[in-house]
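Make a model of the complete structure from these sequences and hints.
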Amino acid sequence: MIEAKNLCFQYEEEAILQNISLSIKEGSYTAFIGANGSGKTTLAKHFNALLMPTKGTILVDNIDTKKYPFAVRKKVGFVFQNPEDQLVHSIVEEDIAFGLENIGMETRAMKERVNFMLKELAIGHLAKKNVNALSMGQKQLTALAGVLAMNPKYVVFDEPTTMLDNRNKKNILSIINTINEKNNIGIIMVTNVLDDIKYAEKVVVLKNGKMIFNDKKSKLSQKIIREAGLDA
Amino acid sequence: MLKRLSFGQYRHKDSLIHELDPRIKIIAVAILSASAFLISSYYKMALLSLLVLLLIAIAKINFSSLIRNIMPLSSIIIFILIMYLLFSRDQLGNGILSIWRFLLFVAIALILTFTTTINSMVAGIEKMLGPLKYFKVNPRTFALLISLTIRFIPSFFLYAERIRDARLSRLGNLKKAKHIKLLFIPLLDRVFKSASTISDAMAARIYTAERKSYFNNIRLGAFDYFSLLVLMAAVSVILI
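Going down the list, the sequences are from chains A and B.
The first sequence: position 203 = 203 (my numbering), numbered continuously.
Here my numbering runs 1000 ahead of the position in the second sequence, where the first position is 1.
Bear in mind the hints are in silico, worked out from the structure with no lab data behind them.
Hints may be right or wrong, so weigh each one.
[Unchecked claim] DSS-like mimics (lysine-lysine), calculated; alpha carbons at most 30 Å apart, straight line: (1) A:Lys216 to A:Lys74; (2) A:Lys75 to A:Lys216; (3) A:Lys111 to A:Lys55; (4) B:Lys1193 to A:Lys66; (5) A:Lys74 to B:Lys1193; (6) A:Lys128 to B:Lys1044; (7) A:Lys210 to A:Lys55; (8) A:Lys67 to A:Lys129; (9) B:Lys1060 to A:Lys111; (10) B:Lys1193 to A:Lys169; (11) A:Lys129 to B:Lys1013; (12) A:Lys219 to A:Lys153; (13) A:Lys25 to A:Lys210; (14) A:Lys75 to B:Lys1193.
Pasting the structure below:
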């Protein structure tokens, strides 16, 4: 379980997140929504120990992100908004292996794991391709394969559909739902597009760094959506 | 035009040069470049060029993509030529030789980057720079720094093209110094944002300066040593 306890984050005197307390269960699908600048990406980066709270704590399976960031990153993967900027190596299979090299997986096991991920996400034909020659959808799948290869317990998706066309959007949302249902991986979906939360069980709404809603998706009202600045 | 530039981008082909250990290829680049630097006659330069062309053919590199990668450098070549014509006409022969040498350097570097994946190159550089750790320089960080630079060259040109198009669509004139400044400031901003995201992405995938295992576990074999010997013999014949 991921738990935030009275989480506050300040950047240059400005309070970006204020007093956030919540919990995310294993294998659940939670969406974090809010307008631009509401603090949702900042909050998501705390789950992967990319940012540390100014006050309060974040615990991932009872591991404090401040004390053991590497242990936390093994449990929580992070898929960024722009796949272009998260692929480290130039060849698809090598990029998928990047995280596995970092955790010290043995070469043969690493190759097997990479092949498994390529097959799982149906991108085997791209294995030897240069990442600069891929479409945005293919880049996003490569980034996702690189994260899933590390066998995380939770994956944070930071606005994963922003750079994609409609077909790729549907595809990636369906894949995210499948890995949640089939592999029981906890999903944390950060978005400001309401269509992206269709598979979510729980929704957290942020406004100006404060949490204004944290409940089942069925209880999310138009009033809250309007208040968060997400109405059309 | 910029989008088609693929400098430093690996192309998967089934060739003998692709098979070579990256360390051998890096050493070969050093030998060939040093030879190009030492040669001062047209005859020997032509022989070295033939050797480089032979290596390009063995590596199965498409000549059109090679030319495409050299074309953006034409302005530099023309500039050097004009400088020689204006200020040192009696040294024009040397000028042509300098340009030829410059083109050879580019072609030699392209053979390496077209036939070596970044991961292999990192592994090769890392192993070669191993002794640097005694001077508190981390070989993995150094090698990754080089490889990330190569990986992001096309992205850099893509950003530049997008910003240039946005400027031109609003009637910007990129021949004016003020407008060029307006191209570079957003470009730098975009590059810094990219660098920040890639560093976050690497941290998220548990990157540390300490190497734990290799996806491409490189090992020098008999064919690698043999290839290096053949190259050294060929270069020696040209130089002598």
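Exercise. Checked against the structure, which of the hints given earlier come out wrong?
Worked result: 3, 6, 8
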